[in-house]
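J.: Could you build all of it, start to finish, from the sequences and the hints given here?
Chains as they are written, first to last, in our numbering: chain V, 594 to 873; chain F, 155 to 471.
If you are wondering where the hints come from, they were derived from the structure by calculation, not from laboratory data. Quantities reported herein were computed from a predicted structural model and do not represent experimental measurements.
Straight-line distance between alpha carbons at most 25 Å, and here's what the computed SDA-like set of lysine to any residue pairs gives:
1. V:Lys741 to V:Gly780
2. V:Lys741 to V:Arg770
3. V:Lys845 to V:Arg816
4. V:Lys794 to V:Gln809
5. V:Lys741 to F:Arg340
6. V:Lys727 to F:Asn337
7. F:Lys338 to V:Tyr734
8. V:Lys727 to F:Gly342
In silico negatives: residues of chain F with every beta carbon more than 12 Å from chain V:
9. Gln170
10. Leu232
11. Leu236
12. Gly285
13. Arg289
14. Ser330
15. Leu332
16. Arg387
17. Glu395
18. Pro414
19. Gly426
20. Arg458
Take a look, some chain F residues computed to stay more than 12 Å from chain V by CB distance:
21. Asp162
22. Val165
23. Gln166
24. Pro171
25. Phe205
26. Gly279
27. Val326
28. Leu421
29. Ile450
30. Pro459
We put the CB at the ideal spot given by N, CA and C, even for glycine.
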Amino acid sequence: MSAHAATTSGPTGSSPILSVNNIEVIYDHVILVLKGVSLTVPEGGIVALLGANGAGKTTTLKAISNLLGAERGDVTKGNIQFKGEHVQDLSPNDLVRRGCIQVMEGRHCFGHLSIEENLLTGAYTRRDGSGAIKADLEMIYEYFPRLKERRHSQAGYTSGGEQQMCAVGRAMMSRPRMILLDEPSMGLAPQLVEEIFEIVKQLNEQQGVSFLLAEQNTNIALRYATYGYIVESGRIVLDGDARSLRENEDVKEFYLGVGGEGRRSFRDVKHYKRRKRWLA
Amino acid sequence: MLYDIFIDPFVQMGAQPDFLIQVLWEGFVSGILYALIALGFVLIFKASGVFNFAQGIMVVFAGLTLVGLHEQGVPAFLALILTIGVMGVLAYGIERVVMRPLVNQPDIILLMATIGLTYFLIGFGEFVFGGEPKRMITEELWLPTGSTAIEFGERGLVLLQHIDIAAAVIAVLMVSGLALFFNKTRIGRALRAVADDHQAALSVGISLNQIWAIVWFAAGIVALATGIMWGARSDVSFALEIVAFKALPVLILGGFTSVPGAIIGGLIIGFGEKLGEIYWGPLVGGGIESWLAYIIALIFLLFRPQGLFGERIIERV
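T.: Now the structure itself:
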């Protein structure tokens with residue numbers, strides 16, 4: 594039921610590039626992790642998927658990019674459409690070819706490869722010749738000047754921020770239409786986080802790449818995203834425009850850590866809990 | 155006693171320099187062959203983290219296929235090409251039947267699977283080609299068979315087998331080819347990426363199945379080269395498989411993930427074995443060639459577990 598409620602709302606505007614309809618994910622045939630998650634990402638949008646540790650953000654992203662199989666996870670219900678095509682049976686590399694790529698949590702650069710080689714692996718699926726790839730490499734270096742400085746360093750020895758940039762740059766090298774960005778702020782200093790989100794915004798505006806980003810840092814995510822979903826224990830419990838979520842008393846109370854007038858009010862907490870129960 | 159260990163062997167070496175050179179050459183050649191076998195292990199281990207117990211039997215199998223095809227009347231070079239094809243089919247089959255269903259299983263299960271593969275290949279090889287040793291078709295493949303005696307000093311003589319020289323040249327070519335492939339090509343880069351991080355490689359759209367089939371194929375070609383060279387020195391028989399275990403100390407010395415390490419490790423073991431056997435062996439009654447390599451490996455494990463050239467484990471704190 595909750596899933597239905599979520600699909601009828603959802604971001605408005607241009608047609609969706611990605612829509613996830615009521616998916617359920619089970620790990621190892623027994624552990625139910627997602628209990629009916631639905632969301633849509635409009636073409637050219639930035640949508641935030643928010644929630645605490647273990648809420649199911651990463652699982653949702655991996656279900657979309659089909660990396661779940663490698664972790665013995667399975668999408669058992671629902672469906673996922675990317676550019677109008679059902680994609681849950683495609684392999685990750687088919688999906689990358691179609692323009693949907695994931696940047697995993699914790700960056701996952703290839704430690705023994707240089708930064709430049711890391712970026713080039715992102716172009717693995719491309720067939721449009723070395724000239725085009727070289728041009729894109731230069732474009733990435735323009736967005737991330739720091740990567741250019743460190744292009745010949747082994748990625749394992751670069752800083753966390755540089756690795757995150759490398760991971761995003763590597764994904765960009767596949768010429769994606771959509772990037773699933775998992776927790777880009779993890780373990781980074783606040784001004785670096787800001788820098789990375791700024792570049793994400795530029796990539797979104799200038800290259801037309803849509804983003805679905807999973808974040809714990811609700812504050813910054815809602816500043817850059819246009820729309821947000823909040824996941825809790827495998828369900829979407831709340832969604833709305835970024836602005837309305839920022840102003841929502843419950844979100845303020847539970848995720849932003851600031852409340853307006855009466856944030857200690859028992860009634861608000863009850864309201865939130867009631868809502869949660871109802872949605873569950 | 156101390157004199158026997160530390161002085162006498164060197165006196166002997168000095169007294170007969172031509173003999174020393176002959177020993178070193180023998181060591182060099184067996185080192186090259188160990189290195190080739192180790193190379194096959196390294197390729198697969200790097201890309202899939204699997205310790206391929208079956209590498210030794212793949213050497214035998216490749217050699218037998220080549221000789222067997224030629225016995226059936228296939229011209230030598232066509233047989234060579236067909237054998238490469240067979241190794242390709244084998245690689246694809248292994249990926250499909252063994253690796254793919256076992257993906258994400260613990261390493262020990264994959265090791266057990268390769269042991270199973272070893273016994274399958276032994277049985278299958280004996281079924282198809284019979285169990286008796288076969289002569290390698292050395293001349294038919296235009297490999298040199300003669301030997302050159304080089305005069306050394308006044309009365310010395312060093313004997314070089316041409317096939318050994320060819321083995322060295324082929325090994326060098328093969329290693330340079332692999333190094334180029336790993337560092338300069340798209341697939342090579344993907345192979346190294348997979349070696350670093352499977353998940354991330356998947357996420358950028360690298361197909362693990364494709365990469366695994368490629369490394370098993372590459373290891374198959376290395377096995378074929380090893381089989382030809384080794385077969386030319388003795389015969390092609392299932393006994394060769396035992397020699398393949400010499401690759402283990404080579405790997406410990408050179409590092410499981412390093413191609414140059416496999417070469418250097420092979421040479422160290424080769425030289426060490428021959429020198430040890432000839433000059434120090436008599437002290438303990440000879441026969442140390444068969445275990446000296448493992449002792450060297452053991453000492454290495456104590457002091458440098460990642461091997462000489464094993465990739466440093468990069469860990470950021």
